[in-house]
Amino acid sequence: MEMIVASAVGVLTAAGVYLVMRLRAFPVILGLALLSYAVNVFLFSAGKLTTDMPPILSPYGEASYTDPLPQALVLTAIVISFGMTAVLVMVALGSFLESDSDRINLGRSENAPMPDDDGEGDAT
Amino acid sequence: MSHWIIAPVILPALLAPVIGFVMRHDIRLARVFSLAGALAVLAIALGLVVQAAGGETSVYRLGDWPAPFGIVLVLDRLSALMVLLTAVLALIVLAHASATGWDARGRHFHALFQFQLMGICGAFLTGDVFNLFVFFEILLIASYGLMIHGGGRDRMRAGLQYVVINLAGSTLFLFALGVLYATTGTLNMADLAQEVPQIPLEEAALVRLATMLLLVVFAVKAALFPVQFWLPGAYSNAPAPVAALFAIMTKVGAYSIIRIHTTVFGPGAEATEGLAGDWLFPAAVITLAIGAAGVLGARRLGPLIAFSVLGSMGTLMLAVSAFAPAALTAGLYYLVHSTFAAAALFLVADLVMAQRGGNDTLTTTLPASAQNGLLAALFFAAAVAMAGMPPLSGFLGKLLVMDALRAPGVIGWAWAAILAGSLVTIVGFARAGSVLFWKSTAKAPAPDPEGRGTAAATGAAGPMQVAPVLVTVGILGALAIFAGPLAGYLEATSGQIFDRAGYIGVVLGTSGGS
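Chains as they are written, first to last, in the numbering used here: chain S, 1 to 124; chain G, 1 to 514.
The hints are simulated quantities; they were obtained by calculation from the structure and are not laboratory data.
Idealized CB from N, CA, C, for every residue including glycine.
Misleading hints may appear alongside valid ones.
[To be verified] Which chain S residues stay away from chain G? Per the calculated CB distances, all over 12 Å, these: (1) Met3; (2) Ala46; (3) Met53.
[Said to hold, decoys possible] Only pairs whose alpha carbons sit at most 20 Å apart, straight line, appear in this in silico EDC-like list of lysine to aspartate or glutamate: (4) S:Lys48 x G:Glu203; (5) S:Lys48 x G:Asp154; (6) S:Lys48 x S:Glu62; (7) S:Lys48 x S:Asp67; (8) S:Lys48 x S:Glu2.
[What the hints assert, rightly or not] Okay, the calculated bits of chain G under chain S, using three or more residues with CB under 8 Å as the criterion: (9) 149 to 157; (10) 171 to 185.
Chain S with its partners taken away, still in its complex shape:
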């Protein structure tokens, strides 16, 4: 099981990082979603991987249990990343509608100043 979980985290992270590096709004949103899945699975494994174990201490004898804290952390992380993804989609949509471009990178052409200013810096 460790192998499956570990490779799942690895593959999800790799795919997420690749998609984020595409620097277009839609792949980046998908990529960040994949990254948040990866980190959620990763957080689960932080409390040791077990199956069929309750996340509470049993009052009856020696029954073992799984660490409940990572589950609480994952729950918080899921809620936050869900909300963040929604915000991101809205911002990306707003940005696309305003600028007709879904590029994340602030390119030179957008940032360049008005043509033909003869500021002090480039007066040669």
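Following the hints, complete the assembly by docking chain G onto the known chain S.
Using the frame of chain S, we list chain G on its own:
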């Protein structure tokens, strides 16, 4: 157990939905309540500083669960100082936003502002690393809304980039927390500070990884090289009052590095000692260089100020990277100063832009602003503070930082970076100021004798619009005048930060304090 510790978090959290739902159609009512809320937070913050100044570390246990199991808020001198800094800055920014009408250019400015305030205060007060993550997310999600307040093509695009880089940072934060929890079994800062030194060096690979991951996350927030690239675009395209408020956001990153990498991973922990400092120092030098070069090369006022913020973060992190009490004292002084200097610059730039028809290109072809003399004087004062010339606090701050960085291997790079960076910054600001305020009269399209422009010059800024800037510049002066008492407080603060045993004892309740 004093309940006032949680008040700076609770009050904005309660106020924000009320403003958002009840006062959404009445901007004046929202302004009154928002300003009243900020004033109340300021009063509470003053009370907290008085409480913490005695040197006592107070712990607030949420739900009264004892420390390693429940979440705690911890108030010490550093937290109190940062909350006070936030409250003062928030009040100034709110006054500016209300006076200039920025808050009416989009919806829910005040509600988002209060949420932002809640997140920042919470991040400064929490004593739990996962809770720090949660407060980071709160302040970020509010800042996304504020960043794109008012809309517009460039701002939306810059906002999208800002959201993406911060979401990537949040993911990294969670990875770091997972690693940390897996190795130590706790996320409470005091408990971590107790656990990490017990890890022997040969088993420390994972905790060292977590240290560096957290450093990268906080470096994203603090805009340190090589993750500084988002700052100029975001800050220069954000609405001016929001950019001024963001002056404290980079300091949240700096605060986290000071707190986590000193108290938890700092001196005394064999596994991670010196790890952060070795990387922070070159990163800070390069950040400072990029900031200075950007100030010199910027062709618009917004990016110019954003790059000067970058330079100031470089100077601040140079002081932090020494991880020594004296350097930290200097760094904290510079932190307080640079927050107000950056805010003053952004607010002045907003007044200048408003009178140049919203155009902040550094060009001589635009007519001068209507109140050229006043605005030039304010810009001059703020630039003097940011560049680090006497008589304002920037000079003292840089002097203190340089005085603290005297170690043989450090002095060459640090002094060269700070001195050369200051010189280049001075040149950059002088160029920008002269282009903006002096040269434009010569080339104005229809110059009349007083040098007033014809078309672009809009109404003059009223006293209420100038007052926040004047107050900020006044604070910068006061920081210089009262540098003695302030440095005394900060010296006690850094002494307290390096007193790991005291912190652990109070938070975990092993030394009987509460």
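Here's how the hints hold up against the structure:
1. Met3: holds (17 Å)
2. Ala46: The claim is violated: S:Ala46 sits with its nearest Cβ about 4 Å from chain G, within 12 Å.
3. Met53: holds (17 Å)
4. S:Lys48 x G:Glu203: Status holds; Cα separation ~18 Å.
5. S:Lys48 x G:Asp154: violated (46 Å)
6. S:Lys48 x S:Glu62: holds (18 Å)
7. S:Lys48 x S:Asp67: holds (8 Å)
8. S:Lys48 x S:Glu2: Distance of about 9 Å is within 20 Å: holds.
9. 149 to 157: holds (count 6)
10. 171 to 185: Since 8 is at least three, the answer is holds.
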